Amino acid sequence: MIKIENLTKDYGDVKAVKSISFSLDDAQIVGFLGANGAGKSTTLKMITGFLSPTSGNVYVDGKNIIDDCIDIQKEIGYLPELNPLYTEMKVYEYLKFHAEIRHIVGEDFRKALSKVVTDCSLQGVVHRTIGNCSKGYKQRIGLAAAMIHDPKILILDEPVTGLDPNQIVEIRELIKKVGKEKLVLMSSHILQEIQATVDRIIIINNGEIIADGTSKELIEDAKGLSVITLEVENAEENTIQDMKALIPSVSVKSVEKNENVTRILIEYSNNSDPRRDIFNYAVDNKWVIMEMSVTKRNLEDIFRNLTSKEVTADA
Amino acid sequence: MHNIIIIYKKELNSFFTSPMAYIFLVVFALINGYFFTNTFFLYDQANMRALFSIVPLVYLFFIPAVSMGLISREKNIGTIELLSTLPLKEKDIVIGKYLAALSLILLALLSTFVHYFTLINVGSNVDHGAVFTGYLGLALLGGVYTAIGIFASSVTENQVIAFIVGIAIVLVFFMMDKLLFFIPVSLTGIVQYLSTEFHLSNISRGVIDSRNIIYFGSIIGFFLTLTTRLLESRKWN
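Residue numbers (numbering that gives the first Met the number 0), protein chains in the order written: chain A, 0 to 314; chain B, 0 to 236.
Derived by calculation from the structure, the hints in this document are not laboratory data. Hints should not be assumed to be uniformly reliable.
Unchecked claim - PhoX-like cross-link-like pairs, simulated, lysine-lysine; straight-line CA separation at most 25 Å:
#  : chain 1 : residue 1 : chain 2 : residue 2
1  : A       : Lys-73    : B       : Lys-177
2  : A       : Lys-14    : B       : Lys-74
3  : A       : Lys-110   : A       : Lys-151
4  : A       : Lys-151   : B       : Lys-234
5  : B       : Lys-90    : B       : Lys-8
6  : A       : Lys-73    : A       : Lys-62
7  : B       : Lys-88    : A       : Lys-2
8  : A       : Lys-137   : B       : Lys-90
9  : A       : Lys-17    : B       : Lys-90
10 : B       : Lys-8     : A       : Lys-95
11 : A       : Lys-256   : A       : Lys-215
Said to hold, decoys possible - Pulled from the structure, derived: some chain B residues nowhere near chain A, Cβ distances all over 10 Å:
#  : residue
12 : Thr-16
13 : Leu-29
14 : Ile-30
15 : Gly-77
16 : Leu-81
17 : Thr-84
18 : Pro-86
19 : Leu-108
20 : Ile-189
21 : Phe-197
22 : Val-206
23 : Ser-209
24 : Trp-235
25 : Asn-236
Said to hold, decoys possible - Under 7 Å between C-beta atoms, here's a sample of chain A residues computed to sit facing chain B:
#  : residue
26 : Ser-54
27 : Tyr-58
28 : Gly-61
29 : Ile-208
Just so you know, these numbers come straight off a predicted model, no measurement behind them. By construction, the Cβ of each residue, glycine as well, lies at the ideal position given by its N, Cα and C atoms.
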C-alpha cells in the first residue's frame, strides 16, 4: 500500500534520512523505532507531505507524494509529534473542522463523530474546551481527529509519549483495534511500547534502516547474543585463558577476581549451548562452580547494540 | 472555495472566542470617535474628513496587530503541521485567513458609520458620493495592510516579530509619499506610484480610477502570493 523508494532528506549539510526503502501492506501495525534524532519524524513528515524529499519518492496506491500530495493526504490520518491542537476550540468544533475539510458533513458527520468518540472514549469531554482537557484526553482528541474520515492509513508520531501507564495501555489497545482494518505506522524511541503493539518493527538509526522484521525475527537474527555469568572458586588465570581454546563456541568477555572467587562473563552464539562443556571443563580443572546463569539478550539489548554500534562506526 | 470557507470560519471563530476581536473593535471605534467629535464640538463642524485622515494612521498599528498571529501562531504551537498535512492547498489557507482578518477590519470600519448617520442628521450639503469613495479607499487600504500583515506573520513564528515586521513594511508604503522630497527626481514617479497615500487620496477625492483599483489589487495579490510561496517553502527546508 505504501512504497518508499530511496527516500532521502538533507537539512543543509545534515543528512537526516539516507536513501531508505521499504514497503508496507494493508491491515498491519508497523513500529518505526529509533533513538531521538534518528530520522523517524523526518520520514513520517515526508510520507504525510509536510516535507518534500530531497530525492526519492513515496508511493501510496500508485500515486506519489511529489505530484499527488493532496490525493495522498486524503487517504492518511496523521497525528504529529507533540500533538498540536487548537486549544481554544471545543472538542466537538475541532473534530467538526477536520471533518469539514474531509468533506464529511450532515448525517455522515454525526455518524463519524459518534464512531470516533466511542472508539477514543471521548464521551465525557465532547463539549469541553480542548485547553482544559488532560494530556491523555488531548492525545485521544488528536487521534480522533486523525481517524474522523476513516482513513486507510494512520500515521502516529510518538503517540504515547508523556502519558501515564494507564493511558498508555488504553492508547495501545485502541491502536491494536484500529490496526485490524487499517495500516498503522507508529514511531517511538521506546522499545517496550512498540514491542507490545506492533506486528513488524523497522529500526532506523542515523537515517538508515538497520533492521526490519517481527520482534521474534529480530531476536533470532541477532548473533552471539547470549551471555553466561559464571562464578567459580579456585580458578587459575591461565586455566581461564585455556578454556577458550578448548571450547571454541565461547568467548570470554570479562574476568573479575575478588579474593578467590572469580566472576567470568562468557558470550556465545544462540545456536549452541556450551553449558555442558563449561561444566566439564570446570570439573577437570577443579573449579568450584558457585553460580552459572544464562542471560538471553532481549530486543532492548539488540536495539541498543544496533544503534550504538552505528554511532561509534560513524564517529 | 470549500476549503477557503472552512479556514475562514475557523479563523473568524478564533478571533471572537478570544477577547482580542472585541478589544480591537472597541478601541478602534473609540479612537476614531474621538477624532470625529473633536472638531464637531470645537469648531461646530461635522465632516468626515478628519475621520478619513485618521483611519490610515490607526490602521498602521491595528492591522499588524490583528494579523500578526495569523500564521506565526500556527508555526509557534505546531498546528501548521496539522494544517499542512490536511488535504488543503497553501493558497486556500492563506486566502481563508486573509479574508477573516479583513472581515474584522471591515467590521471595525463599519462601526464608524455611526458618524456618517450623525452627519446626515445634523449636517447639510452632505456629499454622499465622497463618503462612499472615502470608505471604498479605506477598505482597499485595509486590504493592502492586511495582506502585508499576513505576509509579516508568515516570516516568523514569533508574534511580536511579526507585528514589528508588519508595521515596518506598512510604514514604508505609508511614508513613501511623504519622502518624495528626498528622492532623486528620476525615481519620484515610481515611488509615488508605489505609495498607498497617492492612490488613496485619488479615490478619497471622489475619483474612482481603474488604475488606483488595479494598484491596490496588485499589491494585495503580490503579498498574498509571497505568503503562499513562503508557506510552501517549508517543504524544502
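Cross-check of the supplied hints:
1. A:Lys-73 with B:Lys-177: violated, 51 Å
2. A:Lys-14 with B:Lys-74: Since the Cα atoms of Lys-14 (chain A) and Lys-74 (chain B) sit roughly 24 Å apart, the hinted pair holds (cutoff 25 Å).
3. A:Lys-110 with A:Lys-151: Measuring from Cα to Cα gives roughly 18 Å; hence the hint holds.
4. A:Lys-151 with B:Lys-234: holds, 24 Å
5. B:Lys-90 with B:Lys-8: holds, 16 Å
6. A:Lys-73 with A:Lys-62: Holds. Lys-73 (chain A) to Lys-62 (chain A) sits at ~12 Å (cutoff 25 Å).
7. B:Lys-88 with A:Lys-2: holds, 24 Å
8. A:Lys-137 with B:Lys-90: Not OK: Lys-137 (chain A) and Lys-90 (chain B) at ~29 Å, beyond 25 Å, violated.
9. A:Lys-17 with B:Lys-90: With a Cα-Cα distance of about 31 Å, the restraint between Lys-17 (chain A) and Lys-90 (chain B) is violated, given a limit of 25 Å.
10. B:Lys-8 with A:Lys-95: Judged against 25 Å, a Cα distance of about 12 Å means the pair holds.
11. A:Lys-256 with A:Lys-215: violated, 36 Å
12. Thr-16: Non-interface label on Thr-16 (chain B) violated, nearest chain A Cβ at 5 Å vs cutoff 10 Å.
13. Leu-29: Holds, since 26 Å exceeds 10 Å.
14. Ile-30: holds, 27 Å
15. Gly-77: violated, 3 Å
16. Leu-81: violated, 6 Å
17. Thr-84: violated, 4 Å
18. Pro-86: Not fine: 4 Å to the nearest Cβ puts Pro-86 (chain B) too close to chain A.
19. Leu-108: holds, 26 Å
20. Ile-189: holds, 37 Å
21. Phe-197: Non-interface label stands for Phe-197 (chain B): nearest chain A Cβ at 41 Å, farther than 10 Å.
22. Val-206: Holds: least Cβ distance 43 Å, greater than 10 Å.
23. Ser-209: About 36 Å separates Ser-209 (chain B) from the closest Cβ of chain A, which puts it past 10 Å; holds.
24. Trp-235: With a cut-off of 10 Å, Trp-235 (chain B) comes too close to chain A, as the shortest Cβ separation is near 6 Å.
25. Asn-236: violated, 7 Å
26. Ser-54: Since the shortest Cβ distance to chain B is 12 Å, the answer is violated.
27. Tyr-58: Violated, because the Cβ-Cβ distance from Tyr-58 (chain A) to chain B comes to roughly 17 Å (cut-off 7 Å).
28. Gly-61: violated, 17 Å
29. Ile-208: Violated - the Cβ of Ile-208 (chain A) stays beyond 7 Å from chain B, reaching only about 23 Å at its closest.
Checked against the numbered hints above, the structure breaks hints 1, 8, 9, 11, 12, 15, 16, 17, 18, 24, 25, 26, 27, 28 and 29 and satisfies the rest.
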